[in-house]
Amino acid sequence: AQSVTQLGSHVSVSEGALVLLRCNYSSSVPPYLFWYVQYPNQGLQLLLKYTTGATLVKGINGFEAEFKKSETSFHLTKPSAHMSDAAEYFCAVSGSDMRFGAGTRLTVKP
Amino acid sequence: DGGITQSPKYLFRKEGQNVTLSCEQNLNHDAMYWYRQDPGQGLRLIYYSQIVNDFQKGDIAEGYSVSREKKESFPLTVTSAQKNPTAFYLCASADREGANYGYTFGSGTRLTVV
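For the protein sequence lines, the chains are A and B, in the order given.
End of the first sequence sits at 537 in this note's numbering; the numbers just go up one at a time, nothing left out.
End of the second sequence sits at 125 in this note's numbering; the numbers just go up one at a time, nothing left out.
Simulated from the structure, these hints should not be mistaken for lab results.
For every residue, glycine included, the Cβ atom is placed at its ideal position computed from N, Cα and C.
Be a bit skeptical, because a hint or two may be false.
What the hints assert, rightly or not - Cross-link-like lysine-lysine pairs, in silico, DSS-like; alpha carbons within 30 Å at most:
| hint | chain 1 | residue 1 | chain 2 | residue 2 |
| --- | --- | --- | --- | --- |
| 1 | B | K68 | A | K476 |
| 2 | A | K476 | B | K82 |
| 3 | A | K536 | A | K485 |
| 4 | B | K25 | B | K94 |
| 5 | A | K495 | A | K476 |
| 6 | B | K68 | B | K94 |
| 7 | B | K25 | A | K476 |
What the hints assert, rightly or not - Label-pair distances were calculated between CB atoms; the ranges are:
| hint | chain 1 | residue 1 | chain 2 | residue 2 | range |
| --- | --- | --- | --- | --- | --- |
| 8 | B | S18 | A | K536 | 33 to 39 Å |
| 9 | B | D49 | A | S523 | 32 to 38 Å |
| 10 | A | E498 | B | I62 | 23 to 29 Å |
| 11 | B | Q28 | A | L483 | 46 to 52 Å |
| 12 | B | R121 | A | K496 | 18 to 24 Å |
| 13 | A | K485 | B | T123 | 37 to 43 Å |
| 14 | B | T123 | A | V456 | 28 to 34 Å |
| 15 | A | T504 | B | F23 | 38 to 44 Å |
| 16 | B | V63 | A | V456 | 26 to 32 Å |
| 17 | B | R121 | A | N488 | 23 to 29 Å |
| 18 | B | Y112 | A | P537 | 34 to 40 Å |
| 19 | B | D70 | A | L447 | 26 to 32 Å |
| 20 | A | A444 | B | D49 | 28 to 34 Å |
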């Protein structure tokens, strides 16, 4: 069975600071990994994905994530937070269906 | 524009009533999914369908039912057997390569029991 664990249900950063949202996965086969973002009362929007190939993947809105097999991690980063980044972020792993983490709520302080 | 549409956006249900949430997609996707979202619990899979006239139970199917009579449509019925139906419900779709490309989500339906 595949699963993901997001470390930290809430993360708070100042505007302009580094954003780091942590995700660890468990998978018996090479995983397909995803990060989604959700704004209040909306659906999920795909930020980026890792399938095969380059382990550093770039997504929308300046986010990127690095697949580290040795650490079973897929952490999401952004060098400089913007107020508009405040949202909930979900890490997911795909097998026969998509399995989501519990989510991390990002707050950006002015 | 192609996309996935959920309706209504807000829905109120009285105790003992069945209600049906609509999900329609024009992406020509084969697979469709229903998730339930509760605060702090992420998304939990209710039902999914990978082809017309076939669907599978997810992790929390009790108290819910679905149908897949058309490729474009995957309605979810919340029955009176679902004891705690208040939640945010998300529908998603994917093509056969969904594992590679990810899912497309609707904007959700918030169901409240009154």
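Verification of the supplied hints:
1. K68(B) with K476(A): holds (26 Å)
2. K476(A) with K82(B): With Cα atoms ~26 Å apart, K476(A) and K82(B) stay inside 30 Å; holds.
3. K536(A) with K485(A): Answer holds: K536(A) to K485(A) is near 24 Å, not above 30 Å.
4. K25(B) with K94(B): holds (12 Å)
5. K495(A) with K476(A): Holds: K495(A) and K476(A) sit about 14 Å apart, inside 30 Å.
6. K68(B) with K94(B): holds (18 Å)
7. K25(B) with K476(A): The given pair, whose Cα atoms are some 41 Å apart, is violated under the 30 Å limit.
8. S18(B) with K536(A): 33 to 39 Å: About 36 Å separates the Cβ atoms of S18(B) and K536(A), which means 33 to 39 Å holds.
9. D49(B) with S523(A): 32 to 38 Å: Since D49(B) and S523(A) have Cβ atoms about 23 Å apart, the given range 32 to 38 Å is violated.
10. E498(A) with I62(B): 23 to 29 Å: Hint violated: Cβ distance 37 Å, outside 23 to 29 Å.
11. Q28(B) with L483(A): 46 to 52 Å: holds (50 Å)
12. R121(B) with K496(A): 18 to 24 Å: Violated, at about 39 Å.
13. K485(A) with T123(B): 37 to 43 Å: holds (39 Å)
14. T123(B) with V456(A): 28 to 34 Å: violated (40 Å)
15. T504(A) with F23(B): 38 to 44 Å: holds (41 Å)
16. V63(B) with V456(A): 26 to 32 Å: holds (28 Å)
17. R121(B) with N488(A): 23 to 29 Å: holds (25 Å)
18. Y112(B) with P537(A): 34 to 40 Å: Roughly 36 Å apart at Cβ, these two residues keep to the hinted range, so it holds.
19. D70(B) with L447(A): 26 to 32 Å: The hinted range 26 to 32 Å holds for D70(B) and L447(A), with Cβ atoms some 29 Å apart.
20. A444(A) with D49(B): 28 to 34 Å: Cβ of A444(A) to Cβ of D49(B): about 30 Å, so the range 28 to 34 Å holds.
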